[in-house]
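Novice: Residue numbers (the working numbering), protein chains in the order written: chain A, 38 to 257; chain B, 38 to 257.
Please keep in mind that the hints were generated in silico from the structure rather than gathered at the bench.
Do not take every clue at face value.
Chain copies aren't distinguished; within one or between two, either way the pair holds.
[Claimed, not checked] Calculated cross-link-like contacts (lysine-lysine; reagent style DSS-like; alpha-carbon spacing at most 30 Å):
1. K160 x K141
2. K141 x K163
3. K141 x K164
4. K160 x K89
5. K163 x K175
6. K62 x K175
7. K141 x K68
8. K68 x K160
9. K101 x K164
10. K163 x K101
11. K101 x K141
12. K163 x K89
13. K175 x K68
14. K160 x K175
15. K62 x K163
Keep in mind it's a predicted model, so treat the numbers as computed, not measured.
There are 2 protein chains.
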Amino acid sequence: MPTTIKIDKLPTIRRFPAYLNILRKLEREGKEFISSGQLAQIKNIESILVRKDLELTGISGTRKIGYYIPDLIRAIENFLGWGETLDTFLFGVGQLGTALLAYKELESHGHRIVAAFDIDPAKIGKKVHGIPVFNVLKAPELLVRLNVRLAILTVPDEVAQGVTDILVASGIQGIWNFTSVILDVPEGVITQKEELLSGLAVLSMKMAGGRESGESMGGL
Amino acid sequence: MPTTIKIDKLPTIRRFPAYLNILRKLEREGKEFISSGQLAQIKNIESILVRKDLELTGISGTRKIGYYIPDLIRAIENFLGWGETLDTFLFGVGQLGTALLAYKELESHGHRIVAAFDIDPAKIGKKVHGIPVFNVLKAPELLVRLNVRLAILTVPDEVAQGVTDILVASGIQGIWNFTSVILDVPEGVITQKEELLSGLAVLSMKMAGGRESGESMGGL
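When you get a sec, could you build the whole thing from the sequences and use the hints?
Specialist: Encoded structure:
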């Protein structure tokens with residue numbers, strides 16, 4: 038049943054950024070090779086899981102030596118399409134938006150925020166963490182001119198759908214949605230809703246422990 | 038094999054906060070009942086998945102009527118241990134920390150940040166979004182006095198392990214880790230690392246489309 042395969046693959050994809058972080062750190066420290074067992078230990082999950090995850094990228098390790106770290110980094114980046122940097126717009130320069138503008142990790146993961154948008158005259162025309170803030174009315178023109186396909190949405194819930202409609206009309210292809218609104222978009226536009234509280238749910242379950250098999254879910 | 042069960046349950050737990058958001062919104066709108074099919078449609082996943090998720094909480098719907106929304110909300114809250122509010126401390130009042138202090142959703146999900154900690158004299162003694170900021174040196178005493186078991190970690194990476202060591206020595210039980218450091222904690226202390234970039238990885242895969250079964254992973 039293909040549905041099962043799709044669902045099974047998502048946890049893998051979610052783990053890839055963490056693998057990248059670990060591998061890049063090891064590379065900076067001068068390490069050249071790593072086994073799935075070592076990676077599993079750092080990430081605190083089972084090594085069979087790591088091996089299966091990495092198989093998806095098409096790379097294979099060498100017995101007793103493991104994976105060549107630079108190759109593994111490139112394989113994961115290519116698999117995620119993070120080999121080259123994608124220009125991104127951010128909408129809503131509030132607390133969370135500002136935090137994301139300062140979040141340097143984005144760039145090392147293939148995404149560069151090149152412009153931010155807001156409706157607050159006090160913010161428009163300024164730079165926040167080096168990124169220019171424009172009037173949201175300028176977004177359609179700039180989206181087309183700069184051929185930006187991805188938007189990060191950190192606006193208040195009340196205007197989330199309205200801003201989305203503008204983005205869709207301007208040909209946006211993907212929206213990383215940090216609002217709590219479930220966006221209505223036409224087919225072909227992809228949204229990813231960030232559920233900040235999902236991690237808290239997992240943590241709560243782990244802390245409550247004992248509940249069924251909840252006590253040893255550590256590290257996943 | 039029990040391990041498989043554990044791994045399989047995590048996506049479920051991660052979906053629960055989203056279910057809660059939807060159900061509370063419907064309740065505010067005066068709706069009383071919902072079927073797994075309707076919930077599946079809103080969340081854009083398959084209804085068999087919703088039914089299986091909700092089964093975990095021990096609640097069962099009535100044929101043709103569905104679930105009584107207030108009961109379903111309570112069942113999920115109880116399952117997650119979110120029935121009563123847990124006091125939490127936040128460490129590191131930077132951009133992300135400040136955003137979390139303003140994040141009202143936390144409280145409706147069973148967690149109240151009662152105090153924040155920093156080392157910056159300009160922040161200590163002030164209130165941020167109504168929450169007092171203390172010198173981090175006060176943390177051990179206050180952790181014990183207020184019997185706080187959970188900490189949110191939004192400090193710079195360089196000091197993440199140091200602050201963690203202080204928390205552990207003061208008897209912390211759970212750490213919601215927003216740094217990119219993999220924390221070293223003794224057995225019994227539970228950490229949950231928030232991988233903000235995991236969602237971006239899923240979005241990238243979806244936008245790249247076509248790749249194997251990647252194109253129809255929407256909504257999961």
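Novice: Tell me the numbers of any earlier hints that the structure contravenes, in ascending order.
Specialist: Checked against the structure, the hints that fail are numbers 4, 6, 8, 9, 10, 11, 12, 13 and 15, while the rest are satisfied.
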